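**Student:** The residues making up each chain are set out below.
Protein chains: 2
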Amino acid sequence: MNYAMVLKNLGILLICEAIAMVPSLIVAIGYRGNDVMSFVYTIALTGILGSLALLIKPKNKKLYARDGFAITAIGWILISFFGALPFAFSGSIPSLVDAFFEASSGFTTTGSSILRDVEILPYGILFWRSFTHWIGGMGVLVLTMAILPTIGIGSVQIMKAESPGPDPGKLVPKLRQTAKILYGIYIVITIMQIILLMLAGMPLYDAALHTFGTVGTGGFGIKNLSVGAYNNVAVDIIITLFMFICGANFALYYQVIKGNIRGLFKDEEFRLYGSIVLVSILLISFNINGTFFKSFWESLRHAAFQVSSIITTTGYSTTDFNLWPGFSKTILLLLMFIGGCAGSTAGAIKNVRILLLFKIMKRDLMRIIHPRAVYTVKFNGKAVNEKTLSEILTYFCMYMFLYVLAVLVVSLDGFDMATTISSVAATLGNIGPGLGLVGPMGNYADLSVLSKIVLSFGMIIGRIEIYPILLLLIPTFWSKANV
Amino acid sequence: MNYAMVLKNLGILLICEAIAMVPSLIVAIGYRGNDVMSFVYTIALTGILGSLALLIKPKNKKLYARDGFAITAIGWILISFFGALPFAFSGSIPSLVDAFFEASSGFTTTGSSILRDVEILPYGILFWRSFTHWIGGMGVLVLTMAILPTIGIGSVQIMKAESPGPDPGKLVPKLRQTAKILYGIYIVITIMQIILLMLAGMPLYDAALHTFGTVGTGGFGIKNLSVGAYNNVAVDIIITLFMFICGANFALYYQVIKGNIRGLFKDEEFRLYGSIVLVSILLISFNINGTFFKSFWESLRHAAFQVSSIITTTGYSTTDFNLWPGFSKTILLLLMFIGGCAGSTAGAIKNVRILLLFKIMKRDLMRIIHPRAVYTVKFNGKAVNEKTLSEILTYFCMYMFLYVLAVLVVSLDGFDMATTISSVAATLGNIGPGLGLVGPMGNYADLSVLSKIVLSFGMIIGRIEIYPILLLLIPTFWSKANV
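Here the protein sequences line up with chains Y and L, keeping their order.
Per our numbering, the very first residue in the first sequence carries number 2; after that it's consecutive.
Per our numbering, the very first residue in the second sequence carries number 2; after that it's consecutive.
In short, the hints are calculated from the structure, not lab data.
Hints are supplied without guarantee of correctness; some may be wrong.
Same chains, same names: a pair is fine if it fits in one copy or spans any two.
20 Å max Cα-Cα, derived EDC-like pairs, lysine to aspartate or glutamate [said to hold, decoys possible]: (1) Lys363 <-> Glu387; (2) Lys481 <-> Asp68; (3) Lys58 <-> Asp68; (4) Lys295 <-> Asp321; (5) Lys360 <-> Glu387; (6) Lys224 <-> Glu120; (7) Lys388 <-> Asp417; (8) Lys388 <-> Asp118; (9) Lys295 <-> Asp237; (10) Lys224 <-> Asp118; (11) Lys224 <-> Asp321; (12) Lys60 <-> Asp447; (13) Lys360 <-> Asp207.
Nothing here was measured: the structure is a model prediction, and the numbers come from that model.
Work out the full structure: start from the sequences and follow the hints.
**Tutor:** Here it is in C-alpha cells:
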C-alpha cells in the first residue's frame, strides 16, 4: 500500500466534496434558510482537512491496484461521513448515525431514508440530499467504467472486454477522455429531464431535484408521498422513461450517438433488461388490475413506474405498492436483487451477471449430457473466459452471503419478515424503499442503531461492488510491500 | 438414452416399492384397520406394473450416465406417485394432489404435511407414511454414495475423492459392498434409537415411527403436536442426538467403527456442521430465554432440539418455534438453506458446499491482493480441482434460482411473506415445517393446487440434487444416441 498516495487522493476527494457543496450553499442563501451556516461550517472543515492531505509529498507516485481499492472504499465512507455533517449541523437530522445513514444513502444512490417527514426540511438541505445522488451517480460511472476494470474485477471487466460499446481501451485511450464522454452523456440526460419535467408542470427546483434522483438512480423525493404527490401522468411517464434509460449501460448511448442505434437492441444485456422490465410490468398490471386500479391503463401506468423504479434501483413511488398483492410484491423484491445494467448508475447484482449465471447453468447441464463436447459461454458473440465466469459466480455468492449476514443483524430488531428481508435487499442493492415498515410510505427511522450502521455500510458495500470493502478486512491488504 | 434398460430398472424399482409396502399391510392387518385393502390394491397394482416392465429384454445392457439420471428422476416421481395410492385408496387423503404431496414429502424425507389432523389416521397408513422416510433415507444414501459419484456431480464427487472416509473406490471396490456397509450402519442406528426411545417410555409403534422419521431425517410425526406431544425430556434428548448423528456423513461412522475416532473431529465438514449447530443453539437459547422459557436449561433443550431438527432437515418440533422472536426464526430459516452433511440422509445445500463457497470467496479476495500468487482451495488437506469448485458455485446458483422460481409461484396464493418464503425453503431443502401458516403447528393444506404440485416437485428436485430433474427438460437428453 502506498499510504502517502492514498492519503493524498483522499484529500483531493474531500476538496471535491467541499466544492460540490457550494451549489447547496447558494440554494440555502437564495431561500434564506436556517441551513446556511451548516454548509459554511462543513465546507470549511472538509476543505481544510482535504487541503492538509495535499501537503503530503509522496516519494513514489505509482498507484497499485490495492491503493485504488483502498481509495474507493475509504473514500466512499469518508465522503458519506462529511456529507452527513450539513444534516447534523442544521439540526435536520440530529443523530449522527441517522445523518450518516441518510448521506450514505444519498452518495450510494440508494434513497433509503430515516426521515419521517421530508417536507419540513430547509431548501438547501433538501437540495444537498438529492444532489448527493447526482454526484454519487457520477462517481459510480467513473468507478465502473474506469477504475474497476484497470484493477480487474468480474463483470465490469466483461463490459470492458466484451461489450460492443465504446471500449475505453480502444476508442479513447485516455481514462480522462472516457470519463468526459460519460459525463457528457450524463449531463445531457440531466438537462433533458429537467426541461421535460418543467414542461410537464414542475417548478425548476422540484424538476432539478427529481432529476438528480432519477439519473443517479437514487430516489430521494422531496414529498412524503414521493412522486405520487404530484399525481401528474406526464411526470410519471417522464420519470419512468428516464429511470429506464439510466438503468441501461451508458456505453450503449455513446454508440447510439455515433449512429449505431441497432447496437442498442443487439446488446444481450439490454435485451434481458428490457425483457425483464416488460414481463414484470405485464404480470403486475394483471395482478393489481381491478382490485387496486379501475382501468387497465392506470394499472399499467403504476406498474410501469414501480417496475422501472425498483429494477433500476431508483426507488421513487407513485403509490403504496406495499399494499399490492403478494405476487406483485414478490416480483418487486426479486427485481431488487437483479438491478440495472453494468455501466449504468444502477446497483444490485446487474443483468449481465444474471445473464451469464443462466448461461453457466445451461452449460453445466449440457456438459453432463455430452461430457466430451466443449462448451464456451458467450456474451454478445464473444467467448467469456473461465476466470471471469468463476468471478461472477463468486460475486453472486458473496452478494447472497452478505445479504444473509445483514438480515441476521436486522432480525434482532424483531420486525416482521417482510420488513427484515426487504430492508436489507433494498439497501445492499441501493434501491431505497422496501416492503412492510420500510415500504414506500414508511421509512428506516424505527430501526435500531446497530441496524442503521450495518445497512449504511451495506449500501456502500453494494455500491462499490463488494470487493473493496471486504479487502479492508484482510490484514495483508494493509502491508506496505506490493507483491 | 437406453430406453429399454431405463424402463426395466424403473420396473424393478416398482417391485421393490410393492415389497416395501408389505410391513405396512401387516401393521394394518394387525390393528384390524380399514386401510388393509388400500395396501392390497396398491401392492397388486404396483407389483403387476413393475413385473410388466421386467418382460422387456434389452439388447444393450449398458447403462450410461444419462440413463442413471433418468432412472433417478423418473424413479423418484413414480415411487412418490404409487406411494400416494394407499393414502388415496384408504380415503385418508382423498385428493390425489394432496396424496402425491404427502408421499413425495415422505420419500424425499421432507416431512411437510397437508394433514390438519394426523391422529385420526389408521395405524397402517401412519406406519406407511413414516416408513417412506426410512426407505427414502436409504435411497438417498445409495444415490449420494454410489450413483451420483459415478456420473460425476459436484460436491458428491468431492466426498468420494477428498473425504477421509471410506472411499468407495478404494476401500470396497464394489458398489454393492459399499451399499451394504452403509445400510448396515443405517440399520444399527435405527435399532439403537428404537430401543432407546422405548427405554424412555415410548410404545414400540411410536418409537419405531419416530425413529423412521429421525434416521431418514424426515420428520413426519404421529401426533398433532409432533414430538412435543410426549413432553418427555429423555425423548427430546434422544431424538436431538440421533437427528444430529444422521445429519453427518455416514462414511465417518464407518471410520469410527474401524477405530479412527479422531477422524470424525478432523473432518472439516463435520467441524463446520458441529460449529454451526453449537453457535445456533447458543444464540437461540439466549434469544428465547426469559420470555419463552423460564429456565435457561429449558431454553437450551428446546433450542437444541429445534436447531438439530432444522439443520438436519428433519423437521420435528417440541414447541411452536413460529412464535419465537424474529432473530431465532431467521437463524432457523438460514439453517433450512444450509442443511446437513454430504453422505447423510439430510437435504438442502449441505455443509461441504457452504465450506467450499467460503474458501472460494476468500481465495478470490487473496488473488486481488496478490495477483501473481497461486492459490488452491483445499478440503481436508487435499486440493479441490477447479471444475469441482465451479460446479459447486453453479449448484448454489441453481438452488437459489429454483428457490426464487418456486417462491414466485407460491406468492400467487397471497399468503404473508414468512409463509411464502419459508414454505419453499422448507420443501426444496427437505425440511418439513416452515414459518407462518406452514409452521410447526400449521400445515400445507391451505396452499393452492398449483403450489402443492410445485412444492412436491421442489422436494424431489432438492432431494436428488437438482441436476437429474433439470436434465429431463433438455430435449437432447432424450436422444437415443449416446455421445
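**Student:** Against this structure, judge whether each hint is valid.
**Tutor:** Cross-check of the supplied hints:
For the homomeric pair Lys363 and Glu387, the shortest alpha-carbon distances inside one copy (15 Å) and between copies (18 Å) are both at most 20 Å. Only within a single protomer do Lys481 and Asp68 lie at most 20 Å apart by alpha-carbon distance; the minimum there is 10 Å, versus 57 Å between protomers. Proximity of Lys58 to Asp68 under the C-alpha cut-off of 20 Å is restricted to the intra-copy arrangement: shortest distance 16 Å within a copy versus 70 Å between copies. Taking the shortest Cα distances, Lys295 and Asp321 sit within 20 Å of each other inside one copy (16 Å), while across copies they are farther apart (42 Å).
Taking identical chains as interchangeable, the C-alpha atoms of Lys360 and Glu387 lie at most 20 Å apart whether they share a chain (12 Å) or sit on different chains (18 Å). In the homo-oligomer, the alpha carbons of Lys224 and Glu120 lie at most 20 Å apart inside one protomer (6 Å), although the nearest pairing across protomers, at 57 Å, exceeds that limit. In this assembly of identical chains, the alpha carbons of Lys388 and Asp417 never lie at most 20 Å apart, being 40 Å within a copy and 41 Å across copies at closest. Taking the closest pair of Cα atoms, Lys388 and Asp118 never come within 20 Å of each other, the shortest separation being 48 Å inside a single copy and 54 Å across copies.
For the identical chains of this complex, Lys295 and Asp237 are intra-copy neighbours only, at 18 Å inside a copy versus 56 Å across copies, given an alpha-carbon limit of 20 Å. Taking identical chains as interchangeable, the C-alpha atoms of Lys224 and Asp118 lie at most 20 Å apart only when both belong to the same chain, with a minimum of 8 Å there against 52 Å between chains. In this homomeric assembly, Lys224 and Asp321 come within 20 Å of each other (Cα to Cα) only inside a single copy, at 14 Å, whereas the closest approach across copies is 43 Å. For the homomeric pair Lys60 and Asp447, neither the shortest alpha-carbon distance inside one copy (49 Å) nor that between copies (71 Å) is at most 20 Å.
In this assembly of identical chains, Lys360 and Asp207 lie within 20 Å of each other by CA distance neither inside one copy nor across copies; the values are 43 Å within and 49 Å between.
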